[in-house]
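K.L.:
Residues per chain are reported as follows:
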Amino acid sequence: MAIDTLPESSIPVTRPFRLKFGFLTATPIIAVATICLVLIILMAIFAPLLAPHDPLLLTPAQRLKPSSAQFLLGTDAYGRDVLSRIIYGSRISLLIGLGAAVCSIALGLLIGLVSGFFRWVDAVMMRVMDGLMAIPAILLAIAVVSLSGASIWTVMIAITIPEIPRVARLVRSVVLTAREEPYVEAAISVGSSLPKIMWRHLMPNTIAPLIVQGTYVCASAILTEAILSFLGAGISPETPTWGNIMAEGRAYFQVKPSLIFWPGLLLSIAILSVNLIGDAARDALDPRMKQREGK
Amino acid sequence: MTAANSSNVVLDINNLVVGLGRKADAHRIIDDLSLQVREGETLCLVGESGSGKSVTSLTVMGLQQKGTLVPSGGSIKLVGEDLLGASDRRLRQLRATRMAMIFQEPMTALNPVVPVGRQIDEVLRAHTNLDARARRQKILAMMEHVRLPDVQRIFSSYPHRLSGGQRQRIMIAMALVLEPKLLIADEPTTALDVTTQKQILTLMRDLQRDHGTAVLFITHDMGVVAEIADRVAVMRHGRLVETGPLDDVLRAPKMEYTRNLLSSVPSLVPRAARPETTEPVVLEANELGKVYRERSMFGKAREVAAAQNVTLTLRKGRTLGIVGESGSGKSTVARCIVRLIDPTSGGVRLVGREISNLSRRLLQPHRQKIQIVFQDPYRSLNPRVTVGESIAEGPINYGMPRKDALARARELLELVHLPPDAISRYPHQFSGGQRQRIAIARALALDPDVLVADEAVSALDVSVQAQVLDLLDEIQKRLGIALLFITHDLRVAAQICDDVAVMQHGRVVEQGPAAEVLTNPQQAYTRALLDAAPGRGWDFANFRPVSEGIVATA
Numbered sequence: 001m002a003i004d005t006l007p008e009s010s011i012p013v014t015r016p017f018r019l020k021f022g023f024l025t026a027t028p029i030i031a032v033a034t035i036c037l038v039l040i041i042l043m044a045i046f047a048p049l050l051a052p053h054d055p056l057l058l059t060p061a062q063r064l065k066p067s068s069a070q071f072l073l074g075t076d077a078y079g080r081d082v083l084s085r086i087i088y089g090s091r092i093s094l095l096i097g098l099g100a101a102v103c104s105i106a107l108g109l110l111i112g113l114v115s116g117f118f119r120w121v122d123a124v125m126m127r128v129m130d131g132l133m134a135i136p137a138i139l140l141a142i143a144v145v146s147l148s149g150a151s152i153w154t155v156m157i158a159i160t161i162p163e164i165p166r167v168a169r170l171v172r173s174v175v176l177t178a179r180e181e182p183y184v185e186a187a188i189s190v191g192s193s194l195p196k197i198m199w200r201h202l203m204p205n206t207i208a209p210l211i212v213q214g215t216y217v218c219a220s221a222i223l224t225e226a227i228l229s230f231l232g233a234g235i236s237p238e239t240p241t242w243g244n245i246m247a248e249g250r251a252y253f254q255v256k257p258s259l260i261f262w263p264g265l266l267l268s269i270a271i272l273s274v275n276l277i278g279d280a281a282r283d284a285l286d287p288r289m290k291q292r293e294g295k
Numbered sequence: 001m002t003a004a005n006s007s008n009v010v011l012d013i014n015n016l017v018v019g020l021g022r023k024a025d026a027h028r029i030i031d032d033l034s035l036q037v038r039e040g041e042t043l044c045l046v047g048e049s050g051s052g053k054s055v056t057s058l059t060v061m062g063l064q065q066k067g068t069l070v071p072s073g074g075s076i077k078l079v080g081e082d083l084l085g086a087s088d089r090r091l092r093q094l095r096a097t098r099m100a101m102i103f104q105e106p107m108t109a110l111n112p113v114v115p116v117g118r119q120i121d122e123v124l125r126a127h128t129n130l131d132a133r134a135r136r137q138k139i140l141a142m143m144e145h146v147r148l149p150d151v152q153r154i155f156s157s158y159p160h161r162l163s164g165g166q167r168q169r170i171m172i173a174m175a176l177v178l179e180p181k182l183l184i185a186d187e188p189t190t191a192l193d194v195t196t197q198k199q200i201l202t203l204m205r206d207l208q209r210d211h212g213t214a215v216l217f218i219t220h221d222m223g224v225v226a227e228i229a230d231r232v233a234v235m236r237h238g239r240l241v242e243t244g245p246l247d248d249v250l251r252a253p254k255m256e257y258t259r260n261l262l263s264s265v266p267s268l269v270p271r272a273a274r275p276e277t278t279e280p281v282v283l284e285a286n287e288l289g290k291v292y293r294e295r296s297m298f299g300k301a302r303e304v305a306a307a308q309n310v311t312l313t314l315r316k317g318r319t320l321g322i323v324g325e326s327g328s329g330k331s332t333v334a335r336c337i338v339r340l341i342d343p344t345s346g347g348v349r350l351v352g353r354e355i356s357n358l359s360r361r362l363l364q365p366h367r368q369k370i371q372i373v374f375q376d377p378y379r380s381l382n383p384r385v386t387v388g389e390s391i392a393e394g395p396i397n398y399g400m401p402r403k404d405a406l407a408r409a410r411e412l413l414e415l416v417h418l419p420p421d422a423i424s425r426y427p428h429q430f431s432g433g434q435r436q437r438i439a440i441a442r443a444l445a446l447d448p449d450v451l452v453a454d455e456a457v458s459a460l461d462v463s464v465q466a467q468v469l470d471l472l473d474e475i476q477k478r479l480g481i482a483l484l485f486i487t488h489d490l491r492v493a494a495q496i497c498d499d500v501a502v503m504q505h506g507r508v509v510e511q512g513p514a515a516e517v518l519t520n521p522q523q524a525y526t527r528a529l530l531d532a533a534p535g536r537g538w539d540f541a542n543f544r545p546v547s548e549g550i551v552a553t554a
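Protein chains in written order, with the UniProt record's numbering: chain A, 1 to 295; chain B, 1 to 554.
One chain only, chain A, in its complex shape:
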């Protein structure tokens, strides 16, 4: 017989598909990544308590000082404390990473669900998405920021827009396979309305891949924000962001390379951690990956 039944005793009495967070400590590397990310998040939340100085305070007499007891990582060209600026910079990075992930997933989910279900919407929306994907993300973001002026919100929007097509296509492909499932046809035959079918029978299938996609969007948004700031197209230069610190540091690289080193290191750790956690989440959520490990 094609379909096997489990022996009664081995049937677990649990809710299916509840996301378990055990995967965060699955391997030492992922555990380290989780710890790093948690530390960076704590750093962002408690920035005012942790930062030894005001990140905006100019002390022209103390320009480009090396590390000292007063300024642990030295000062920048305007005499601002680098450590404090880096600590405050994590706020912007994480906020934009999280914001872009949430926004692009919300919009992408909506577009993907609708275009996965209606053929004519699909034809139009997917061409729009193809068009968006044909423009380099950075260029599109620079264009959006320069059209509407740089603020944290416009930067977030500018980063979100190029990410939407990726999410929408992912959701669409999941919906296209899920709508062929007999339980969706059963829902049609008991007279369920389209929104109900989408919300109740199709949307839950997309959650697992979206969590994974969300972490990738988050990492890429943090990076894009840093690039925009570095290029001078991002949030105004006096605001401490990791990209801004590095952009200013570029001019003094030969005098004080640590201006680029420390924010760059933190940026790399943050992105690597998020990506590693994303991979771990994918492995934990995809039963096929689990099987591969089992062999």
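Think of the hints as simulated: they come from the structure by calculation, not from any bench.
Be a bit skeptical, because a hint or two may be false.
[What the hints assert, rightly or not] Only pairs whose alpha carbons sit at most 20 angstroms apart, straight line, appear in this in silico SDA-like list of lysine to any residue:
1) A/K196 / B/G399
2) A/K65 / A/E248
3) A/K196 / B/H366
Just so you know, these numbers come straight off a predicted model, no measurement behind them.
Starting from the structure of chain A, add chain B where the hints point.
P.N.:
Here is chain B on its own, set in the frame of chain A:
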């Protein structure tokens, strides 16, 4: 057993134990199993799902999932050589040369991107020293031997160009090309249509006669057993229940379980006809047609008619069966009638109202009068929604308050003989048969006039199948519901249908009362279908061949 008999034992399994995992107290998937297969003999290993028959075959081949399924006791000997102790290297040598296996699904067992001839060639290259020319000749000869047509063309064809039957012939050719002593066939005809199945079974029997191969044939289908077995071994929960020559087991099963298993097999002889009724017609299909158009930018669009001129009538409280092989259009008709797809021509009248041309919105109030139960109970329930919510979804859609709908779900669960506390559980906590009961309860929640069952019992074990068929019968008697029953299984159709429509290539070729169509078919195709039904000579439930039954009642 005489000395001569024991000397030609090809496969000798003794007290085999296979556990789940390495622990000493591991759950035993195979428990103390002993079997022998002799030269030139077919042993049918029969059992329901989960009985351990596939695990047995995989363990013999050394293909069981390492680390998960661990043979922890007993022995397996192939022509005297111990297999459980053999190295991986030795097992690789033995496979193909001494023992070979064919699987249920020939499409997944073949590599889709390599021509089939080259796939057989790989076996020869790995195990022989023949040159390319000799190998090709041997392969072509083998392909002719398994009665493939036009072997030169098929040699260089990719698997997707071949039919299911042809693919299974390729698998058989691949398995037998090195003349192994033992052939293991794991449900080799389950995925095939009955007419193809008959050809493959005949082929396997003829090949075995010519080569003297020992065959371990695994199946769940008693009909197939009756066709091909010399001896039968019945398994349950990893244990051997009963073994003996075919005739003994079918005529005089010793164990209760075997008796029950055989009694569950529906008879091909149609049940006594119910009296004609003058109840109102609830469902009518008039010259229903569905044409799929493949649009192309240039040139003419290609058209495929999945159903043509299908006319059916179903009265209240009656059961109409649509039978046919895969691709005959029977499911297309069912889906058109339930309006999961839109018919391209003809009409459907449901309780006197034409519904085939209604828009989605206008159709909404009529949907509740016709409900459908699908084939695969594992996919027809949303795994993330509780059973109660699934059943209550329909009534809630039609305005019943949630509390009342859930109370109704509880009643319905009782009607389909499930405990009412099942309401808050999730589908994965139920077996296939239980899930199908839940699906039936969901369909009944809207008090439909017509219930469409699209191969609703085809994925179930025979004993479970018998229970679900009884349930449908009971529900029909209690609620006076009309059943449109789509099936490929003539045995099931014979036992549940009042009328039968036989479909082929999208058309109804024969239609009439079940007793007439299935005992005195007028059309060649219906006769071929009946003729191909495996085990048609046996009346399993009465433990005798059909011919003796006729004599006895006459």
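K.L.:
Hints first: check each against the structure and report whether it holds.
P.N.:
Against the structure, the hints:
no. : hint            : verdict
1   : A/K196 / B/G399 : holds, 14 angstroms
2   : A/K65 / A/E248  : holds, 15 angstroms
3   : A/K196 / B/H366 : holds, 19 angstroms
Checked against the numbered hints listed earlier, the structure breaks none of them; every hint is satisfied.
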